[in-house]
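Chemist: Protein chains in written order, with the working numbering: chain A, 1 to 348; chain B, 1 to 348; chain C, 1 to 348; chain D, 1 to 348.
Just so you know, the hints here were simulated from the structure itself, not pulled from any lab data. Hints are not guaranteed to be accurate.
Pairs count within a copy or across copies, as identical chains cannot be separated in the list.
No farther apart than 20 Å at their CA atoms in a straight line, the calculated lysine to any residue pairs in the SDA-like style are these [stated by the list, open to error]:
1. Lys28 to Ala339
2. Lys78 to Thr252
3. Lys54 to Ala339
4. Lys54 to Arg266
5. Lys61 to Asp192
Number of protein chains: 4
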Amino acid sequence: MLRVGVIGASGYGGGELVRVLSGHPFVKLSYLTSETNKGKDIGYSWPNMRGVVKLECESYKAEAAIKKCDLVFMARDKGWAMNEAARLLNGGLKIVDLSADFRLRDPLVYEEWYNLAHTATELLNEAVFGLPELYHDQIADARLIANPGCYVTGAILALAPLLKNEIINPGSIIVDAKSGVSGAGRSSYKRDYHFPELNENVKAYNIGAHRHTPEIEQELSALADQDLNISFTPHLIPITRGILTTAYADVTAQVVSTESLTEIYREFYKTSPFVVILDPGEYPATKSTVGSNFCQIGMKFDPRTDRVVVVSAIDNLMKGAAGQAVQNMNLMAGFDETAGLMYPGVCA
Amino acid sequence: MLRVGVIGASGYGGGELVRVLSGHPFVKLSYLTSETNKGKDIGYSWPNMRGVVKLECESYKAEAAIKKCDLVFMARDKGWAMNEAARLLNGGLKIVDLSADFRLRDPLVYEEWYNLAHTATELLNEAVFGLPELYHDQIADARLIANPGCYVTGAILALAPLLKNEIINPGSIIVDAKSGVSGAGRSSYKRDYHFPELNENVKAYNIGAHRHTPEIEQELSALADQDLNISFTPHLIPITRGILTTAYADVTAQVVSTESLTEIYREFYKTSPFVVILDPGEYPATKSTVGSNFCQIGMKFDPRTDRVVVVSAIDNLMKGAAGQAVQNMNLMAGFDETAGLMYPGVCA
Amino acid sequence: MLRVGVIGASGYGGGELVRVLSGHPFVKLSYLTSETNKGKDIGYSWPNMRGVVKLECESYKAEAAIKKCDLVFMARDKGWAMNEAARLLNGGLKIVDLSADFRLRDPLVYEEWYNLAHTATELLNEAVFGLPELYHDQIADARLIANPGCYVTGAILALAPLLKNEIINPGSIIVDAKSGVSGAGRSSYKRDYHFPELNENVKAYNIGAHRHTPEIEQELSALADQDLNISFTPHLIPITRGILTTAYADVTAQVVSTESLTEIYREFYKTSPFVVILDPGEYPATKSTVGSNFCQIGMKFDPRTDRVVVVSAIDNLMKGAAGQAVQNMNLMAGFDETAGLMYPGVCA
Amino acid sequence: MLRVGVIGASGYGGGELVRVLSGHPFVKLSYLTSETNKGKDIGYSWPNMRGVVKLECESYKAEAAIKKCDLVFMARDKGWAMNEAARLLNGGLKIVDLSADFRLRDPLVYEEWYNLAHTATELLNEAVFGLPELYHDQIADARLIANPGCYVTGAILALAPLLKNEIINPGSIIVDAKSGVSGAGRSSYKRDYHFPELNENVKAYNIGAHRHTPEIEQELSALADQDLNISFTPHLIPITRGILTTAYADVTAQVVSTESLTEIYREFYKTSPFVVILDPGEYPATKSTVGSNFCQIGMKFDPRTDRVVVVSAIDNLMKGAAGQAVQNMNLMAGFDETAGLMYPGVCA
């Protein structure tokens with residue numbers, strides 16, 4: 001059994017990690033930390049765990065992590081992982097970091113978008129971007145995984161086949177994303193996320209300025225083999241979980257139909273067990289992914305505008321965070337990629 | 001007092017008409033119809049009306065409408081108004097029709113998108129598209145108003161200043177709209193709108209194929225003075241009321257900033273009492289418009305992509321239906337444009 | 001025109017006061033205060049007000065209130081009004097206080113439940129409990145009104161006719177209330193009210209210990225002419241506005257049916273314009289009252305258990321706060337009781 | 001592997017059965033039926049299943065069920081199971097029926113509350129009421145299980161320890177339940193469950209007349225060893241899943257405190273793996289049970305009224321339907337009671 005730890009277990013990402021890992025056939029949850037709820041059982045942070053998981057949350061200590069774990073998930077705010085990663089790697093641990101610290105290859109881009117100097121630039125080359133649908137083999141060999149942002153996962157999975165197959169104009173990409181509020185985190189209960197303010201409401205925020213923008217651009221540029229900028233507009237909608245990403249791009253290839261596009265997507269993702277390509281005429285709903293690690297994708301080629309519209313749905317806490325992190329762990333540990341993850345989301 | 005009737009008072013549009021008109025200082029609600037709830041007081045269809053409005057819903061009869069009303073609102077399904085309008089106009093009534101029947105100038109376009117032959121093509125020239133921000137004076141002189149679709153109102157108000165001022169490439173427009181479920185109507189309770197299916201869910205539908213598409217294109221083409229096609233993607237989100245429209249377009253003009261765009265919008269709408277242009281950096285939320293006739297608009301010029309993103313928020317049942325219909329009535333009757341409508345939406 | 005001020009205009013109660021008063025035919029909004037948003041227009045605190053109300057929020061100063069107002073609404077937290085009321089009354093103002101400070105006649109009960117010594121006990125005799133359905137005439141003569149708590153209004157209106165007519169055992173009363181989250185206030189955005197925690201969730205809280213308990217008991221005891229204790233359980237449900245109160249009591253009177261009970265309620269409330277008694281077989285829904293000052297009541301006599309179940313629905317921010325406060329103002333100022341309030345809630 | 005079938009797989013109960021059974025270590029899903037979606041893969045009825053479960057839904061045929069299954073779950077409307085059970089039992093199958101057909105021991109009571117003559121009265125004696133916390137051993141020996149109603153499960157688990165220990169007056173019980181809308185079923189999309197009508201709304205329905213009333217009374221009477229009637233009021237709240245049950249009763253025993261009550265509950269449920277008794281001062285939230293088979297219970301003794309208030313939370317589709325059905329199957333098949341069910345609900 002792989003001994004795993006979750007650092008930051010009382011946040012949404014951390015809680016979902018505990019939930020998923022508690023049912024994983026090949027791991028043993030051996031270390032949980034929470035600064036706010038230290039000394040308390042995980043059932044205090046997460047009442048849903050009672051009767052199933054019983055483990056005390058400790059205050060983080062590097063030595064304890066090194067002693068108790070083979071692999072740790074870091075689920076804390078930006079800026080924390082880059083200060084702790086080297087120590088734990090040196091202690092022999094593998095790391096899946098759910099923060100933004102190791103996602104951007106260029107530390108200046110990190111600094112620009114996060115207003116924070118990067119303190120572990122020497123690890124940026126080693127860190128692997130943890131999107132298994134693109135970096136399957138590198139992940140298997142990695143010690144340090146940068147788990148992608150939630151919006152990023154939805155956007156890249158929607159667009160990768162188009163860029164890889166040179167079907168669209170890379171400069172024409174527009175990504176309009178609708179997210180549930182859990183993406184804001186559990187301790188960020190400011191007025192914007194106060195129930196009466198957000199319920200029965202929808203709004204855009206950080207237009208053209210959201211921190212996931214450079215991360216999307218970095219990966220799409222790599223796929224397109226050229227630098228590109230995108231328009232990215234995130235929206236908050238009154239759901240707890242789920243991101244629906246509607247992506248638009250101008251088609252440049254000669255012949256195209258929704259049917260042929262669908263085939264291209266199915267080919268591209270044929271070895272990706274968590275990507276479901278819907279039939280032509282079907283579009284995904286976030287509800288179909290709630291609680292699961294799946295991404296569902298539907299699309300439409302619109303001959304009136306010569307544009308393609310691709311819609312992807314994920315659970316932002318699962319394929320957008322904890323589920324993907326466990327998928328990465330599976331690859332790193334040599335387990336079956338789907339171990340502990342191959343179940344559907346809830347019906348309704 | 002202007003004697004007004006509401007045909008189809010038990011639907012959402014009809015209900016809101018009754019609500020708004022019941023507080024209007026210059027009208028008398030003199031005729032309500034409902035085929036499903038005929039013979040019953042309006043408080044049966046709308047329990048919220050009890051204690052305020054007391055009037056029986058009748059089964060529609062043209063003679064009764066003509067006898068009891070000076071102006072009627074038609075709030076029934078597509079295909080009904082075009083068969084009844086001539087008779088009521090001949091009877092001396094003015095009409096505000098909330099259906100799609102008189103919105104599209106070209107009957108072939110209507111037929112193509114609605115699968116219905118138009119039966120009153122002779123009235124299409126006379127009908128005025130009831131968007132007061134564009135057709136203020138024509139509305140004042142009209143006998144027959146085609147009240148715009150809800151998505152259409154949100155999209156046009158977001159984009160009109162850009163086209164009129166030749167700031168964008170007309171072929172580059174993408175409209176991504178997020179709507180509350182009341183837009184589906186009150187009697188359309190199929191599984192798609194069943195509470196457990198839609199709650200905690202978001203999805204796109206009718207991509208590139210929604211019936212409001214030709215209506216948006218007709219009006220934007222007129223503003224651009226050239227034929228244009230748009231990408232229009234409607235989404236259902238789990239709110240009852242509200243449409244947030246996020247519109248994207250490539251900027252072609254030389255100099256532009258969010259501040260200068262904001263000025264252009266304020267100039268364009270300076271005589272439009274129900275359009276509120278937010279300050280640079282502010283984006284609208286649908287909640288701010290719930291229950292009111294206002295449209296709030298915010299925008300961003302993104303120099304990284306040379307694209308403009310404009311976001312508009314309306315209450316789909318008010319500025320997107322009943323409120324706008326009353327605004328049209330005010331103009332037709334020579335009342336102040338804001339009579340009975342100048343109140344804010346609820347706080348929270 | 002009566003010159004009125006709202007102290008605490010950026011909270012939910014204060015915001016709704018501004019909304020309602022802005023449409024009131026006989027008052028002039030002359031003074032708004034907000035400590036958090038001082039120096040800013042009310043449209044900053046409440047974007048829904050833009051285009052309708054334009055007035056700067058000031059930092060509260062007693063002299064300014066006295067100079068600019070004939071009557072003020074105090075919409076701040078407990079403990080504030082009791083320190084300011086005397087000064088403003090001496091300055092010639094009338095006061096409607098929306099906090100708990102003047103609701104409990106016995107200062108020791110206040111101290112026990114609010115952990116706060118009462119600092120204005122000399123005003124407790126003068127203060128009138130602002131439930132117009134019970135204290136209509138005293139309100140008309142009052143200088144200082146204690147506007148009832150939201151749960152309190154729902155509970156008393158549901159139970160008053162039963163106690164006044166000696167139909168039930170006063171010791172058997174159980175009140176099970178379900179409230180929207182706006183009742184928690186606008187600045188109380190702790191984790192309990194964080195959207196992802198409350199959405200898709202329902203829970204009880206403060207069982208037998210909620211601060212509205214002694215207030216309900218005080219008023220029901222007065223109606224029963226004997227001291228009584230009740231079981232009161234508040235619940236939070238994922239809606240923004242509305243309180244549904246389900247009250248249970250053992251019937252002691254000889255003959256009773258749902259029909260006869262309904263008649264008793266209609267007789268009791270025959271001069272109360274904002275109480276709607278539904279027909280036998282009908283039960284109220286909070287949605288029917290959203291945005292309005294109405295209370296809707298339905299009931300059932302259950303012969304199997306010899307118990308009566310009464311259900312009342314109100315908008316907690318209107319009949320449970322701002323609407324009722326304006327109704328009180330109307331009586332104090334000699335206006336029609338319904339002035340500025342006689343409109344239905346939104347349809348859907 | 002036990003070969004199991006789900007009859008009625010496209011409803012909410014049936015869908016959750018497929019979801020739970022697809023991850024069960026000791027069963028093989030061998031037969032699915034759906035009359036509405038016959039001939040189509042389960043992924044058509046339930047898009048969330050795609051990529052995980054692949055099995056065609058057939059039109060129900062008794063012979064097919066007998067041939068393909070060892071045990072079937074019947075998840076169809078009332079009146080269906082009583083006409084099919086004998087045939088399948090005779091064919092050697094075991095049955096867990098999720099409808100009401102075998103829950104009421106007295107066929108006249110069934111007839112009275114369901115307006116339907118019972119057609120399989122000979123099986124009523126054999127059928128075991130499938131609440132494992134009360135009938136653990138009988139379930140293990142049964143061929144035919146009547147899976148309890150969702151409200152019933154919540155109410156009985158909340159009240160059983162009080163009655164069994166003779167702590168309360170059996171005639172004083174009041175059950176106030178708040179349910180998510182999935183309890184109404186998936187194909188019952190009438191206006192009452194139309195999203196815009198139910199969202200931002202709460203209402204009581206069927207007061208004193210809900211069909212789960214006699215079922216609750218039957219089981220509570222057995223526990224109390226005397227006939228009793230209860231007041232039962234169900235409410236609809238705008239959530240998809242979950243039932244919160246707030247139960248009230250007059251305490252008759254001499255000494256009682258919340259702490260001692262808590263101990264009594266823990267003793268009563270010490271062998272029940274899916275019942276979690278919270279600490280004094282804690283109350284359950286439905287969110288903690290979403291997607292899991294757990295029931296969480298909190299309570300309060302109120303010395304002011306000598307009443308006890310007990311609150312239970314379940315997922316109506318899991319412990320209130322599919323989860324409990326699988327728990328019953330586990331006992332019937334000699335599996336560990338928790339097999340395939342020992343996981344927490346989602347975090348948020």
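Chemist: All hints are to be evaluated individually against the structure, with a verdict given for each.
Modeler: Verification of the supplied hints:
When the C-alpha separation of lysine 28 and alanine 339 is checked against a cutoff of 20 Å, the pair qualifies both within a copy, at 13 Å, and between copies, at 19 Å. Taking the shortest Cα distances, lysine 78 and threonine 252 never come within 20 Å of each other, neither inside one copy (38 Å) nor across copies (38 Å). When the C-alpha separation of lysine 54 and alanine 339 is checked against a cutoff of 20 Å, the pair qualifies only between copies, where the shortest distance is 18 Å, while the shortest distance within a copy is 22 Å. In this assembly of identical chains, the alpha carbons of lysine 54 and arginine 266 lie at most 20 Å apart only when taken from different copies (17 Å versus 42 Å within one copy).
For the identical chains of this complex, lysine 61 and aspartate 192 are neighbours neither inside a copy (33 Å) nor across copies (29 Å), given an alpha-carbon limit of 20 Å.
Checked against the numbered hints above, the structure breaks hints 2, 5 and satisfies the rest.
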